[in-house]
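Below, each chain spelled out in residue letters.
Protein chains: 2
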Amino acid sequence: MYEKITEAANRLDGIAHKTPVLTSTLLNELTGNSIFLKCENFQRMGAFKFRGAYNTVSSLSQEARRKGVIAYSSGNHAMATALTCKILAIPATVVMPEDAPRVKTDAVEDYGATIIKYNRSTESREEIAQELIDKYGYTLIPPFDAESIIAGQGTVAQEFIEEVGKLDYLLVPCGGGGLISGCAVAAKHLLPECKVIGVEPALSDDAAKSFKTGELQTIKTPNSVADGLNTPSLGKITFPFIKEHVDDFITVSEEEIKTAMYLLWTRLKIVVEPSGAVALAAYRKLSVKGKRVGVVLSGGNVDVRKAGDLFKDIIV
Amino acid sequence: MYEKITEAANRLDGIAHKTPVLTSTLLNELTGNSIFLKCENFQRMGAFKFRGAYNTVSSLSQEARRKGVIAYSSGNHAMATALTCKILAIPATVVMPEDAPRVKTDAVEDYGATIIKYNRSTESREEIAQELIDKYGYTLIPPFDAESIIAGQGTVAQEFIEEVGKLDYLLVPCGGGGLISGCAVAAKHLLPECKVIGVEPALSDDAAKSFKTGELQTIKTPNSVADGLNTPSLGKITFPFIKEHVDDFITVSEEEIKTAMYLLWTRLKIVVEPSGAVALAAYRKLSVKGKRVGVVLSGGNVDVRKAGDLFKDIIV
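Protein chains in written order, with numbering that gives the first Met the number 0: chain L, 0 to 315; chain A, 0 to 315.
In short, the hints are calculated from the structure, not lab data.
Among the hints, a few may not be true.
Copies of one chain are not kept apart here, so a pair can be met inside one copy or by any two copies together.
Claimed, not checked - Cross-link-like lysine-lysine pairs, in silico, DSSO-like; alpha carbons within 30 Å at most:
(1) K134 - K235
(2) K235 - K311
(3) K17 - K165
(4) K208 - K134
(5) K290 - K85
Predicted model, so just to flag it, every value in this text is computed and none were measured.
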C-alpha cells in the first residue's frame, strides 16, 4: 500500500500544496513535548481532502471523466471533489447535508459543481447518490472508503515525516478513517517505532469502539461540533487498515475540541475548523513527556461568522 | 536612521520571530499583481509592536530598569511592553482604554504587568502616565514617537525585503506612524524605487490629512473598527519621517477593512485583527497591474468570540 501513497504523491506534485509544519513554544510548554502541527488547513480548498479526491479523479478513464463524477460529503470532500473537477474540467455533482456550513456549500458552488441537499436524520446520502449514478452513469468518488482515497490522504504523513524526521507519536483525527488509514500506513513504513493514535470526538466514537472491540461499530447520526467527523462508521476498507496499523484511540469532549480550536485561533493565529482541531485536543490526554509528537490539523473550513459562539464558554 | 534599524535587528535577533511571508494565488488573481504578505500576526505577542518595545526597553540603563517602565496603548503596545519586561525581568505598568479588547488586557495581565484603565473619551492617557512617572520614576515607553521604537518597527520592512527582494510597492498601516516611519526608512534605503504607501481607515485619516496638507492634523477620539489605528495624530518625530520617506496615503472604509479581514480568515486561514488587515484593504484602490506589492499584516490580536459580528454584513 505504501507504493500507492508514493504514486499519489507523484500525482499531487505541483498540484496540492506542500503544507507548512508549525511549532509553538506555548504548546511545547503546555505539554512537555515537542509538538509539530501539520497544517492541512492551508491545503487547497482548506483541507487534506483535496489529496484523496484529486488522486482518485485524476486516475479515471476518459469515458468516466466525460460522464462526470458524484460525491457525498459533510463538506470538505464535496469541496475537494468540486475543486478537482474544476481543475480537470470534469462535471461534478455533490450530495451535501442541509446543515453543512455555508462556507462549504458556497465554495462547492463557486467551483462550479451541482449541489443536491439531503436531511441527515431522515435520508441516506448513499441512496440518493446511487439513484443519480444509475440514471446518469456518474462515477462515485467515495469520501473515504477506497484505496485511491486512502493513498492520497497518506501523503499527509509522508510529507510530514519527510519534513520533520523522527516522530514518537502521530495524532490523527478520525471520521470515516481515510486520513488515518493512509497516515498510519505511511508512518509505519517510514518510522516503524512511531505510535499512530486516532483521535475522535466522544460523541462520535464509533471508530474507537470498533478498534477496541475488533468489530465494526455504528453510531446513528452522531452530532459532534466536529462536523467533518460525524460519519456513522468506519469503512469496509479503512477498518482493516486501522486494525493493522493504528496503535490506539483517544476520545475528546466537545469542550476539549473547542478549547484546542480556541488556542489555535488566539495563540497560533490560524483558522482551524472543529474537526481540524480534534487531534490537538488530545494533547492533555497523551501522558508522555519529552517526546516528538506530530499532530495533523486536518482543515480550516468553518463559518467564521458563527465560530465565536463556539468559544463563549471556553475557559483557558 | 537606517543604521539604527540594523542595530535594532541585531538586538532582536533570536528574540523576535522572523515572521513568514505568505503568498496567495487568489490574491494575485484578484489584484493582477504579485502580493506578498508579511505576517506580523505571527510575531511574539501577536503583533509587530514587540520589535519597537524590545528594542527600546533593552537599551535602558540598569537604574531605569530597576525602577520600571510604563506604557500607554490601545492594546498591542501594552502587550509588547509587558512581554518585553517579562523577558528582561523589569516591572511594567500599562495604561489601557476601558474598551480595549479583552484578549489584549488578559495577555497583559498574563505577562505580569499592572494595568491602569482609563476612558478614551474623557481622560488623557498621557496625563495619567505622567502622574505615575512623577511619583515612581518610571521610564515611559512611548507607543510610537521615539527613534528607538521607529528603528525596531523598521526591522519589519528590512526583514521583508531581505526575504522577497524587489518590491514595487509597500503598503503599511498607519496609526501613530511608528511602523510606517521605520518601514519607509528601511524600504527607501534598500529599494530606492519602491513606493511606500501608508494606509489608514477613513474614520481616522489624520495621517493622510497631515501628509496632504503638510501640517500635523488631529482627529479627536477616532472610532474605526481598526482599534489599533485610533490614534488622534502622528507624532512630532514620526511626522517628519513620513513627510520625507512616504510616497502617498490611501484611506479605506470600515467595510473594506472587514472584507479584507474576512478574506484573510476564510481563504488564507489566518487570524488577522482589523488594524492588521487595513493595508490589504487598500488592494482594490492601488490601480496598478503586474507589480510586486508588499503588504504588512501588522497583528492578529482580536477577540475571536466577537469577530463574527464584524463579518455579518460582508458580501464577497
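30 Å Cα cut-off: does K290 pair with K85 within a copy, between copies, both or neither? For K290 and K85, only the inter-copy Cα distance (28 Å) is at most 30 Å; the intra-copy one is 42 Å.
Given a CA cutoff of 30 Å, do K17 and K165 count as a within-copy pair, a between-copy pair, both, or neither? Intra 18 Å, inter 25 Å, cutoff 30 Å: intra and inter.
Taking 30 Å as the upper bound on the Cα-Cα distance, should K208 and K134 be classified as within, between, both, or neither? For K208 and K134, the Cα distance exceeds 30 Å both inside one copy (37 Å) and across copies (66 Å).
Within a copy, between copies, both or neither: which one fits K235 and K311 at a CA-CA cutoff of 30 Å? For K235 and K311, neither the intra-copy (39 Å) nor the inter-copy (42 Å) Cα distance is at most 30 Å.
Between copies, within a copy, both or neither: which fits K134 and K235 at Cα up to 30 Å? within (26 Å within a copy, 74 Å between copies)
Against the hints set out earlier in the document, violations occur for numbers 2, 4.
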